[in-house]
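*Asks:* Sequence:
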Amino acid sequence: MAGRSTLYEEIYAIIRLIPAGKVANYGQIAEIHGGCGARQVGYALNNLRNQDTIDEVPWQRVVNARGEISMHGAGAGSFIQREILAEEGIEFDMKGRIDFSIYRWVPELGVRDDSATSG
DNA sequence: TCCCTGACTGGTT
DNA sequence: AAACCAGCCAGGG
Numbered sequence: 025m026a027g028r029s030t031l032y033e034e035i036y037a038i039i040r041l042i043p044a045g046k047v048a049n050y051g052q053i054a055e056i057h058g059g060c061g062a063r064q065v066g067y068a069l070n071n072l073r074n075q076d077t078i079d080e081v082p083w084q085r086v087v088n089a090r091g092e093i094s095m096h097g098a099g100a101g102s103f104i105q106r107e108i109l110a111e112e113g114i115e116f117d118m119k120g121r122i123d124f125s126i127y128r129w130v131p132e133l134g135v136r137d138d139s140a141t142s143g
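In terms of my numbering, the first sequence is numbered consecutively and its last residue is 143.
Just so you know, the hints here were simulated from the structure itself, not pulled from any lab data. Just to be clear, a hint being listed does not mean it is correct.
[Claimed, not checked] Ranges of calculated distance between the beta carbons of each label pair, as one might list FRET restraints:
no.	residue 1	residue 2	range
1	Ala37	Asp117	26 to 32 Å
2	Thr77	Gly113	22 to 28 Å
3	Pro43	His96	30 to 36 Å
4	Glu80	Gly45	15 to 21 Å
Backbone N, C-alpha and C define an ideal beta-carbon position, used for all residues, glycine too.
Using the sequences and the hints given, assemble the complete structure.
*Replies:* Following this line, the structure appears as structure tokens:
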């Protein structure tokens with residue numbers, strides 16, 4: 025492995041900003057990062073399985089653009105993810121989808137920086 | 001370095 | 001709405 029992965033660490037840092045009760049999609053994390061794609065976010069999360077900081081990163085709050093939980097962890101991980109989100113108060117559709125209009129994480133105008141707070 | 005893979009996304013049919 | 005295809009960038013052998 026690459027030992028220190030700055031890209032991954034930055035992605036983890038962004039994900040750590042997601043509060044309980046909210047979710048974000050891979051593309052959103054990538055967009056906030058501004059230097060990688062949605063796949064890289066998923067790739068980082070996959071690598072998270074090898075990190076000791078996995079307990080410090082709310083990976084469960086990251087879902088796909090359709091509000092669905094992507095398959096991972098041989099399928100078991102997906103199940104666990106849903107369980108944890110349910111514990112956080114996330115509601116699932118009959119088809120197992122999350123309503124982004126309700127649970128979408130909205131960064132507080134300046135996760136990176138703000139220059140339009142003149143109001 | 002090249003090729004394949006991967007917890008994704010958007011457009012078309 | 002579901003299925004299929006192409007684009008995207010990074011990591012390992």
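*Asks:* Hint by hint, which ones does the structure fall short of?
*Replies:* Violated hint (a single one): 3; every other hint is consistent with the structure.
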